[in-house]
Structure formats: structure tokens, C-alpha cells
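Two chains, two separate frames, one set of hints: put the complex together.
Protein chains in written order, with my numbering: chain A, 1 to 419; chain B, 1 to 234.
Honestly, the hints are just simulated from the structure, not real lab data.
Do not take every clue at face value.
As the list claims (entries may be wrong) - Simulated crosslink set (DSSO-like; lysine-lysine; CA at most 27 Å straight-line): (1) A:K253 - A:K188; (2) B:K16 - B:K29; (3) B:K29 - A:K253; (4) B:K29 - B:K94; (5) B:K57 - A:K119; (6) B:K16 - B:K94.
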Amino acid sequence: MLQGGSVQLLCLTASSGVPLFCRGATRPLPFSIIGSLNGVHMFGGGQGTVLSSCVTDRGGRVLWRVFHDTVVLIAVSSQESGAVSELRLRRLLENSWNAMVLVLGLDELASARNVERLKRDLRSCYRLIDAFLEGEWDGMGDLMHCADCVVPLQPALLQEVLDSFAHAADSEFGCLLTHGKIIVATEKWWRLAPQEVVLLSALVRTLDGTISRDYPVFLPQGSPTVPHRLLCFQLLPGLDVCVLCGPSPSLQKAESELVVQFWSPVIDTLHGCLALRDRCLPSSVTLQHGILGLLLINRESRRAISTVHLWAGAPADVPLPARRRELLRALYTLAITRYFLAEDAQEEHRSVDGLEEDFPAGFSHQPVQFYLATDECKCFALQTPQHQLYLLTSVTVPTFALRSLATRTLSTLLSHTGF
Amino acid sequence: PGSLVVLDWHRCADSKEHFSRIQRRNVRKRFGLLEAPVLRPLLAADTVSYKIFLSGKSGVGKTALAARLAGLPVPSMHHETTGVQTTVVFWPVKLRENGRVLFFRLQLWDCGENTLRRFDHLLPACTEQADAVLLLFSFTDRTSFDDLSSHLTRSSSPSASTVRLVVGTKFDLFMHTDVTERELREFQQAWGVPVFRVPGGAGAPGVAGLAEVAPLLDALAEHLWHRDVLAAQS
Ligand SMILES: Nc1nc2c(ncn2[C@@H]2O[C@H](COP(=O)(O)OP(=O)(O)OP(=O)(O)O)[C@@H](O)[C@H]2O)c(=O)[nH]1
Ligand SMILES: [Mg+2]
Numbered sequence: 001m002l003q004g005g006s007v008q009l010l011c012l013t014a015s016s017g018v019p020l021f022c023r024g025a026t027r028p029l030p031f032s033i034i035g036s037l038n039g040v041h042m043f044g045g046g047q048g049t050v051l052s053s054c055v056t057d058r059g060g061r062v063l064w065r066v067f068h069d070t071v072v073l074i075a076v077s078s079q080e081s082g083a084v085s086e087l088r089l090r091r092l093l094e095n096s097w098n099a100m101v102l103v104l105g106l107d108e109l110a111s112a113r114n115v116e117r118l119k120r121d122l123r124s125c126y127r128l129i130d131a132f133l134e135g136e137w138d139g140m141g142d143l144m145h146c147a148d149c150v151v152p153l154q155p156a157l158l159q160e161v162l163d164s165f166a167h168a169a170d171s172e173f174g175c176l177l178t179h180g181k182i183i184v185a186t187e188k189w190w191r192l193a194p195q196e197v198v199l200l201s202a203l204v205r206t207l208d209g210t211i212s213r214d215y216p217v218f219l220p221q222g223s224p225t226v227p228h229r230l231l232c233f234q235l236l237p238g239l240d241v242c243v244l245c246g247p248s249p250s251l252q253k254a255e256s257e258l259v260v261q262f263w264s265p266v267i268d269t270l271h272g273c274l275a276l277r278d279r280c281l282p283s284s285v286t287l288q289h290g291i292l293g294l295l296l297i298n299r300e301s302r303r304a305i306s307t308v309h310l311w312a313g314a315p316a317d318v319p320l321p322a323r324r325r326e327l328l329r330a331l332y333t334l335a336i337t338r339y340f341l342a343e344d345a346q347e348e349h350r351s352v353d354g355l356e357e358d359f360p361a362g363f364s365h366q367p368v369q370f371y372l373a374t375d376e377c378k379c380f381a382l383q384t385p386q387h388q389l390y391l392l393t394s395v396t397v398p399t400f401a402l403r404s405l406a407t408r409t410l411s412t413l414l415s416h417t418g419f
Numbered sequence: 001p002g003s004l005v006v007l008d009w010h011r012c013a014d015s016k017e018h019f020s021r022i023q024r025r026n027v028r029k030r031f032g033l034l035e036a037p038v039l040r041p042l043l044a045a046d047t048v049s050y051k052i053f054l055s056g057k058s059g060v061g062k063t064a065l066a067a068r069l070a071g072l073p074v075p076s077m078h079h080e081t082t083g084v085q086t087t088v089v090f091w092p093v094k095l096r097e098n099g100r101v102l103f104f105r106l107q108l109w110d111c112g113e114n115t116l117r118r119f120d121h122l123l124p125a126c127t128e129q130a131d132a133v134l135l136l137f138s139f140t141d142r143t144s145f146d147d148l149s150s151h152l153t154r155s156s157s158p159s160a161s162t163v164r165l166v167v168g169t170k171f172d173l174f175m176h177t178d179v180t181e182r183e184l185r186e187f188q189q190a191w192g193v194p195v196f197r198v199p200g201g202a203g204a205p206g207v208a209g210l211a212e213v214a215p216l217l218d219a220l221a222e223h224l225w226h227r228d229v230l231a232a233q234s
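Next up, chain B with everything else stripped away, as it sits in the complex (with noise of 0.2 Å):
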């Protein structure tokens, strides 16, 4: 992976149309389940859909990611997320091969940690049919980085196909990290799983625009594109 999509695509002026129909003056749209994003018929563009399962530790910023990435207000105190919630978001993506242009339709699983342990179908409602997981760590938890190698043997399921990536959170409080950068390359090295920063930071309550979160988002369109090239020619 690494050269399917156009990374930034956000920022090109060809995009402009695309962008306006998920988001209007820097406010992300909302959107239901009955509902997506309508484009007029000369720029129509295939939807694709994927399941992404965000999984760490309590406390470790994943409602806070759901989100972020969602355009909506993160809040700013941890309340303990009860069961299961799923956050959509809608990505357009431009292939680089041909240029065609897909709006990725990403559901977001998140669990509360503390409910998945009370309630036992949680974990596998989240994990059935996953496309990819997102494993998160704090920068400011040690213990939550030092659980990825074991959460990383362990989950080869849902499936080997299963996209994973990790994400560090509250990178912004790097006064306090636990984690250092040499660490951090020799994680991805080790296991050749791509870490990335949780966009913005700063803790900051409020909206992120789509500078913030395109890395990720484009990151994750690209792995999960790739996975189903590599699954379409085999």
C-alpha cells in the first residue's frame, strides 16, 4: 500500500465539489442512515462501504477519535461509553490509477472497554465482518502501548485480511509521554503495522477540519482499497 489514492486529495482544486457535499462552511454535514451524500449525475461516484472496529483501553481517547474524524464535537470530559456505538463518516477518495473518484463510507465501531468485559456479544458484534481495526494507544499510558504486541498476536482475528493499523492518542500532551519516538520505529519495524498520530490533539474540544484528519482517513481508504485489489486478483 502506499500509492493507490491521492493523498491530500482535500486540497486540490478538482476535489472542491466533492468536499462540498460532505461538508458546508467548514461544518462537516450529518448524515442518517436512510441518508448519504447526492452529487449531481455527471460526477456521480460509487460508494463503498467498510466496517472499521476501534479497539483499546478505557479511557484511551477512542469516542474521542469516533469523533474527531466525524467532524463533530469531541468531548472534552471521558464519560465511559455504554455498548456499542457506531459514528459514519464519508470520505471522498480519487484513485490514482485512473482517477475515479469513490466516497468511502467508513462505520466506525466503538465499544466502551468497561461494558465490553460486563457484556459478552459486544466484542463480537464489533469484531464479526470487521474490513479493518483501528488499535489505539495513549502516549501518556504506557501499559496501553505495551498491550499492542499482545493485541496484535492475538487479533489476527477477525480475519488475516482484517487492515491494521495502530494510533497513538494525546500526543499532544508530549510533555508527559511514555512512549518515545525510537520506540515508535521500531514498533512499526518490528511489526509492520503503520502507527499514526491522532489528528489535531491539543485535546481541544471542538471541530476538526479536514486538514486534521485527512492523514488518517486517506491512510486508511488507501490500505483497505489495496486490500481489496490484492483480494479481487487472487
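Okay, chain A solo, but in the shape it has when bound (with noise of 0.2 Å):
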């Protein structure tokens, strides 16, 4: 049905099925197929059901999901690329949505009752949702709903700088990135909805190029009907600071009198922070080798590090970075929808479409550490109340030898990371 390795994502309206956009793939599947996917999702409602999920006996993956009664999104994998897993799609799906709502408003997406207008409009939310197709990503947010975060040397400090920056600018909300992924973030920041923190440093991941931005968005569950204002600048390239505000400042105000004043005196400090895009721990914290790769994610907070590029002399034989990137995501996957299905997990899925079965059917407990041994890498994943820690090793590793690896490197990374 669709080019190899491809996923696409196609859009439509709830009522009608007049497709509004299509996007990923070269090649867009031919409207009749369009049609007939949207006919069968209107089929069941008809009947009463909810079509939600099939997959064909090749692997190739369709998942339907009706938002606010006004648009359906149809994820469609082709079956070449046999791993594209579930959730990832059910995460596109719902990552888009709140995308199209962060650049539209919630109010323009509900009364679309120009279809045209609403098609023209939607090209604006290309990029984003394009951003969230290509998986071609460093970081996991977009899987995880938590943010990717890097932790840099001298934390107070920018701390510190960002949040006299951002009360300057009128704003609780201010956050400092590198490549889209968190340095540090003010208080309120880590209070928006985590969905909300992962779309926003993806945005700013996209507005790479341009220097500085005023860009009125709406926030999918905070405020979609009222927008505000995201201040962006750039202070180096690869490194963003921007502000959540209400009508003041202006961007030139901001740029002319703010931007230099509190950042030239750490430029430094955000020099050694460019360094941490690969990595995302100080060099400082030194992990033992075999490590290929690993996820933190800090689970209260709902924050994340995850890094492929520990091992500096990894040997010729392990596998390449890109390809690490997809175990450990895969590796996230298989746990989250086999063993650690968290709690609040659980509720969400629940909520969001009532129809899941209970899953660790045949596990009357919650599992704490699991490993896997394949002919690519070894890795180990253990829970605590407090963390998740997913550790992705060579296969020179002794079994054995795993969970006192993956114990040992979760205290130090606790210990230099207070993450």
C-alpha cells in the first residue's frame, strides 16, 4: 500500500470525510483507498462500535482517532515497516492533534465550517506535524510524553539567569534548549501539561534558522482557545531560550533590551552547553563502557535523558548510533505496553479510548526489572517509584552481570545529575 519504511498520516473530517491533508510518504495513497478507510471507521459508528486499531498479517498498521467530534486522523504503516509499533502510532495521532491545536485554536479547528478555509489554514501546522513523522528525531518525547532534557554543568547558574530573564519579560513561563531538548526550565514551565512541554520543544526544534520568533500559540489543554505569545530567540545557533507571554513585551523590545543583558554574561556557560546535544550528561559523569545506550526518565516530574553516544571507543561491531536510537525506542515500547504499564498509563489509555483490554493479563503483580538478551545488544530495565532507567549494552556484556550494571549506573547517574 505505501512506500517501504513509511508511515502517513491522513486527515478528514469528522462528518463528511473530506480529506484535508495527507502528509509523509512520497507518495500518498490514491484517494479510493483514503475513502475506504475513512468508510469502514464510519461503518462501525454506524454500528455502534469504534474501529481504533487493525493490522494486516504482514504488519503493516492502520489506527483511526476521532478528535472533538470535528476531525478524524487515520495513521496508516505500510507493511514493509513491520516495526512501526502501536504506540508510536498512537502517539502520532495524537501528537498531531495537538499540534494543529497549538497553531490554530481549538475554536477554528470545532467551527470549521469553511472546509477550504480550514484546508488552507492547516498548512500551517505541516511542519510540526512533519517534525513528528520523520523520526529522524535524536530524543523520545515524542514517544514518551516526557521531556528530553540534557543536564549541563552549571544548572543554578542558568537557572538562575533564566528566570530573572523571564520575569523581565512578564513571563512565568521560560524555558532554555539546546537542539530541542531542555537545559533548564522555569517552575511553571514543568507545570504545563507534559503533552504540552514535548510539543513546544519540538516547535522550537522546527524554528531552527530563523533568529528570532513571535508565535502565537494555543496550548492544547492549558488555554486552546485564547493564544498566547512564543517569544523565541536563538542566542547561539543549535541553542533557543523562549518565554510564554501576554501582550508585553514586543519582540524588539524583548530582543533589544533583554536578550543580550541577561545572556552575553553566561555566553560561555552556553557555549559548553552546545557540547551536551550528543551526550546530554556533563563529561564529568563518566559511566562504565559496554553502555550503548540508555533512558532515564524521571517519572514524577515527567522528565527524561536519553543518549546513544556514551561509549566514546565503542568497537567497529556494535551497532551504529542510529540504530541504537531504534532499540532503545523500541526497547521503551515493549516495556511500556508488556511490563511497566504504569498506573496513571493504564487510566490514560482507559480514558482515551475505553477499549483496551486489561493488558498484563497472566501478571496479577507489576514487574520491576526485565532483560533481554538478543544477537544485536543486551539491555536491562528496572523501576523504581521514582524512575524508569532503560540501559541498552553490547552483547559482550555478561548476563549476569546486567542488573548490578544497570543499579550501579542509575546512583551515579543520580548522584552527579540530581535529575
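Below, the structure is given as C-alpha cells:
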């Protein structure tokens, strides 16, 4: 049905099935297939059932979801890309809808009286939606709904500058990012819904190339009908600071009067942050050889560090970084859909579609650790009430040593980063 | 205006050092807000900053022009711009009169035409204290050309001293052109506003070289400097 390896996203009006847009894949699906995909979903609706997903015998997947009785989003993954998980597609649907609300606001989407106009307006969401479709991004926030973070060398200093900068810009919401990963953010920023934090990080990442921005945003959870202004400044290429504001200050005023004044005194620290892009951890944190990748999640604050660039002198026969990233995503997906199904995630599923079977059928208990050994790598995952740690190691690490490696890594990370 | 700055200075040998501060191996350097080109003390040049507003219909090519002038990859697809975005172009200029070199820091203000209509605060943000307005029209869109006159009458704002230039985009698609040379000449005469063609063209995604962008950037610098000289005299 689709070109190899591709995921395609379709958007149609919920009431009449008029196609609004279609993203991803080099060649869009033929109109007749789009019509059938929507038709079968509508048919289900007519019978009092909700069709939410289906799998072909060769691993292609289709997911449907109606948002606010307004639009239906359909995610289609090709058969050749059998590795695309249901979780990834479900998140794609949520993130895409959130992106549409972010840019256009709920009112405009819900009151779509004029379809042609809506179609045109939706074009301004493409860049953000494409960013979620690509999957080439080296973070994992889109999948986890936790914010991708890096740990700077001097967090307290940067936090202080950010807080006073935001305050001077009449805002309580400020965030400093490098390549779309959060270095520090104000306390209020962390009180935004996790999906919003992820969405705003993705937005800032797509704005790269421009030096400042005044971007009207609707917050999908917090303020879906009243726009705020996201002021975004590129301090250094690859390093941005942004604040959420009301009517003042103007972009020009904030830029000319505040940016240089607050940030140039710490320019060296900022340069240091650029180096965190891949490793995400300061070089003072040393971890044992053999670790190909790790993902650390703080479950309470919904923040995460993920990196596949830890082992500088890794031998040539280990998987390359891009592949490690895939493996880490797959490990997380496996854990979250099989073993670590957290209470809140369970509830989320239920409230979202109310359809999922209570999974861990067969388990009356909640696993806290598991390991996997494949011919490509070994994996170990553990969770505590506060954290989850996922480790990807080379096959040369003895299986019996995985657990102690993981617990030691966790305590090293926590003591050095206060994460 | 017309005689204050050395045109095509980037071709002259004595400009090498200065241009090497804005590009390396034919790739333009990028600067954050906290950065600027750094020169050896001997060559130190003053930086003069200007705010340039790009104005024109949706799809006419404002975002593409900003990217081209900044030496960034030009998107081949039209993604409507949401809100205001600014891009900074550093451009070294040599004054004819005394051989003095200046770095022009041109901040291009680009706002998606459709969001301009949805949010009231954006247009004032762009025009407030703008030093120049580039009015864009597309050779493939007749109405965008016809609209120019009304824009020019209206835009005695932001202020009388604002530099105004007209830039025609998509000239590479001349096969489909809706605007003739003669009309352009008549327009220039009637309004006394210079008309430029968008550099490069060919709609080619990719990055513009200095030679492509020099005519427009030199002209912009010339007009801005001329304005400043007049202001200083009065
Ligand atoms: N062939 C050709 N195409 C161009 C040229 N300039 C722009 N385009 C194309 O025209 C389309 C629209 O250009 P944009 O720069 O995105 O338009 P815009 O004026 O910023 O539009 P809004 O943001 O909606 O206001 C893009 O697909 C560009 O690639 C040109 O000189 N030649
Ligand atoms: Mg644009």
C-alpha cells in the first residue's frame, strides 16, 4: 500500500469525510483507499462500535481516532516497516492533533464551517506534524510524553538567569533548550501538561534558522481557545531561549533590551551546553564501558534523558547510533506496553479510548526489572517509584552482570545529576 | 542614492578578509543573537543595524527570500509562516567616499500573511521602527503586482523616511510571467521606487552564493546609508 518504511497521516472531516490533508510518504495513498479507510471507520460508527486499530497479516497497521467530533486522523504504516509500533502511531495521532490545536486553536478547528479555508489554514501545521512523522529526531519525548532534557554543568547558574530573564519579560514560563532538548526551564514551565512541554520543544526545534520569533500558540490542554505568544530567541546556533507571554513585551523590545543584557554574561556556559547535544550528560559523569545507550525517566516530573553516545571508543561491530536509537525506542515501547504499564498510563489508555483490554493479563503483579538478550545487543530495564532506567549494552557484557551494571548506573546518574 | 557604496565589493581582492568573516568555504556562517562577525583589530569595522520588513501576499516568497539572503537552504515547499520570524544577514560594505568598511546587520522581519490577519499585534510589531520595507510581488501572480500601488499609497507608514524597494519573485518562471518589462518600467517611473528581481531564482532549493544576493544587499545598504546621511545633514 505504501512505500517501504513509511508512515502516513491522513486527516479528514469527521462529519463528511472530506480529506483535509495527507502527510508523510513520498507518494500519497490513492483517493479511493483514503475513502475506504474512512468509510470502514464510519461504518463502524453507524453500528455503534469504534474502530480504533487494525493490523495486516504482514505487519502494516492502521489507527483511527476522532478528535472533538471535528476531524478524524488516520495513521497508516506500511507493511515493509513492520517495526512501527502501535504506541508510536497512537502518539503520532495525539501529537498531530495537539500540533493542530497549538497552531490554529480549538475554536477554529471545531467550528470548521468553511472547509476550504480550514484546509488552507492547516498548512501552517505541516512543519510541526512532519517533525513528528520523520522520526529522525534523536530524542524520545514524542513517544514518552516526557520532556527530553540535557544536564548542564552549571544548572543553578542558568536557572537563575532564566528565571530573571523570564521575569523581566513579564512571563513565568521560560525555557532554555539546545537542539530541542531542555537545559533548564522555569517552575511554571514544568507545570504545563507533559504533552505541551514536548510539543513546545518540537516547535522550537522546527524554528531553527530564524533568529527570533513571535509565534502565537494555543496550549492544547491549558489554553486551547485563547492564544499566548511564544517569544523565541536563538542565542547561539542550536541554542534557544523562549518565553510564553501575554500582549507585552513586543518582540523587538524583548530582543533589544533583554536578550543580550541577561544572556551575554553567561555566554561561555551556553557554549558549553552546545556540546551536550549528543551525550546529554556533562563529561564529569563517567559511566562504564559497554553501555550503548540509556534512557532515564523521572516519572514524577516527566523528564527524561536519553543518549546513545556514551561509549567513545566503542568497537566497530556494535550497532551504529541511529540503530541504537531505534533499539532504545523499541525497548521503551516493549516495556511500557508489556511490563511497566504504570497506573497512570493504564488510566490514560482507558480514558483515551476505553477499549484496551487490561493488558498484563496473566500478571497479578507489577514487574520492576526485566532483561533481554539478542544477537545485536542486551537490554536491562528497571523501575523504582521515582525513576525508570533503560540500558542498552553490547553483547559482550555478561548477562549476569546486567543488573548490577544497571543499579550502579542509576545511582551514578542520580548522584551526579540530581535528576 | 546610487553612489555611496562600492557595488559588488565581494569581487574585489581587498574584501576577502571581511567576507571570510561571514562565510567559510562558500557556506554562510550562522550567528546567534549573542554573536557577530569578529575581525582582526586592524580591520575592525563598525556595525550598523537595521530592521527590514518583508511585505507581500501569502506564497509570494517572503520566507524564501529571507532564507536566500541569509544563505540558508531555501525550502522548496510552501509552508505558511506562523507569526513573525526574523533572520539576520551580516553584509560588509565599503563606502566609496573614504574607503571605510561597515558591517550592515540587516534583520529581516518576515510574517506569514495569513497569520497577520488573524492576530492584530503582528503587523505593528513588524512596522514599528522599521528602517526599510521590501515590497514583494510575484511574476507569476498578477494581482500581487497590481496590489503594489495600493500598498505604496498606504505605506507612507511606517514613516516617510522608511526606505522602500520592490522585489519581484519567481522571475525564473518567466514562461508563466504575468507582468511585462514595460509595465515594470512604467511602474518604476510612476512611483520612483526601484524594482529588483529576486536573486537566483530557478526556484532551486539549495543555498545562494554571494554573487546572487550581492545586487539586492548592496542596493539595500546604499539606500539605507543614503537615508542616514540625509538624516545626519538635516
Ligand atoms: N521558482 C521560484 N519559486 C519561488 C521563488 N520564491 C519563492 N518560491 C516558492 O514559492 C513558494 C512560497 O514561498 P514562501 O517564501 O514560503 O511564501 P511566503 O511569502 O513566505 O508565504 P506566507 O508565509 O504564507 O506569507 C515556495 O514553494 C517557494 O519555494 C522564486 O524566486 N522562484
Ligand atoms: Mg512565509
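Going through the hints against the structure:
1. A:K253 - A:K188: holds (23 Å)
2. B:K16 - B:K29: Since the Cα atoms of K16 (chain B) and K29 (chain B) sit roughly 15 Å apart, the hinted pair holds (cutoff 27 Å).
3. B:K29 - A:K253: holds (26 Å)
4. B:K29 - B:K94: holds (20 Å)
5. B:K57 - A:K119: holds (18 Å)
6. B:K16 - B:K94: holds (12 Å)
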